[in-house]
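Engineer: Sequence:
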Amino acid sequence: MIQQLIFGIVTGSIIALGAIGLSMIYDILDLVNFAHGDFMTLGAYLTFLFNVSLNLNLILAAALGIILTGVISLILDKIMWKKLRDKGAGSITLLITAIGLALVIRNLIVFQWGGSNVGFDLPLSQNLNFHGIMISTSGVLTVVVAALLMIALDLILRKTKIGKAMRALSDNKNLARITGINVDNIILWTWGIGTSFAAVGGVLYGLNTVIRPDMGWFLLLPIFAAVILGGIGNPYGAMVGGLIIGISQEMSTIILPSSYKIAVSFVILILVMLIKPEGIFGEK
1 MIQQLIFGIV TGSIIALGAI GLSMIYDILD LVNFAHGDFM TLGAYLTFLF NVSLNLNLIL
61 AAALGIILTG VISLILDKIM WKKLRDKGAG SITLLITAIG LALVIRNLIV FQWGGSNVGF
121 DLPLSQNLNF HGIMISTSGV LTVVVAALLM IALDLILRKT KIGKAMRALS DNKNLARITG
181 INVDNIILWT WGIGTSFAAV GGVLYGLNTV IRPDMGWFLL LPIFAAVILG GIGNPYGAMV
241 GGLIIGISQE MSTIILPSSY KIAVSFVILI LVMLIKPEGI FGEK
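For the sequence shown, counting from 1, position 238 maps to 238 in full-length UniProt numbering; every step adds exactly one.
One or more of the hints may lead you astray.
Claimed, not checked - Distance ranges between label pairs, derived from CB positions:
id	residue 1	residue 2	range
1	Leu5	Ile151	15 to 23 Å
2	Ile133	Met80	45 to 53 Å
3	Ser91	Ile151	28 to 36 Å
4	Met134	Gly90	26 to 34 Å
5	Asn55	Leu271	44 to 52 Å
6	Lys173	Ile133	45 to 53 Å
7	Ile59	Leu155	17 to 25 Å
Stated by the list, open to error - Cross-link-like lysine-lysine pairs, in silico, DSS-like; alpha carbons within 30 Å at most:
id	residue 1	residue 2
8	Lys161	Lys87
9	Lys164	Lys261
10	Lys82	Lys164
11	Lys161	Lys173
12	Lys161	Lys276
13	Lys173	Lys78
14	Lys87	Lys173
Hints listed in this document are in silico derivations from the structure and should not be mistaken for laboratory results.
Just so it is clear, CB atoms sit at the ideal spot from N, CA and C, and this is done for glycine as well.
Hey, can you work out the whole structure from these sequences and the hints?
Structural biologist: Okay, structure coming up:
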């Protein structure tokens, strides 16, 4: 049981990173970004490009892949999302556009790298043994990196001018505009942070298993479940929700086949929407 708990914390850390970005984007842009999981995949494949194809050190490759993913999201906002916002596009239009973008990203990845599983060029992961409990070095790295990023985000939101502007925009968009906050600039920061967190999650996922074109799509349901569980639009809730979903999925393997893990996310999602639709940290 403790072994499954360890796996759950690792999985939950990856889900939490994806959920934080998705929650921030929804909160600031009112966009249910169905392409978010594919940004996780894109970050992993761009890292693979720099690491394996261009033979760069994995740390440098990951940094370049994550930054490039964030830059791509900023370009997409300039050429697509901003134009839709300026035209007053409704939520359904934005939703369909996000789904279309997800399909485009996924198929471009398949076109470039094929549909087979790939992996990073890295030394064999060592397993650490703590009194019979096994955890890989990649698992430890995943938890540490996720924790550091969550702490960094908390400091950004509470201590920096950008973070305070994000919180103000989240609370009241019209009032934020009146008080002189540069909304377009904050939106770009939101895209950059949100998709970069997603890319980090994708890279960490690739460290612990293989990379495949549809991995982001299969991570999307647990990520949505984490966002709703924690409270839509609440990045702190997304952190907690991600850990709960990850641990629940892995603990379920004690009594269920591992192929049912994704169904656990769906069950939790339905229960939360029935019992407490605003989520743990959400407001009615």
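Engineer: If you test the structure against every hint from before, which numbers come out violated?
Structural biologist: 4, 9, 12
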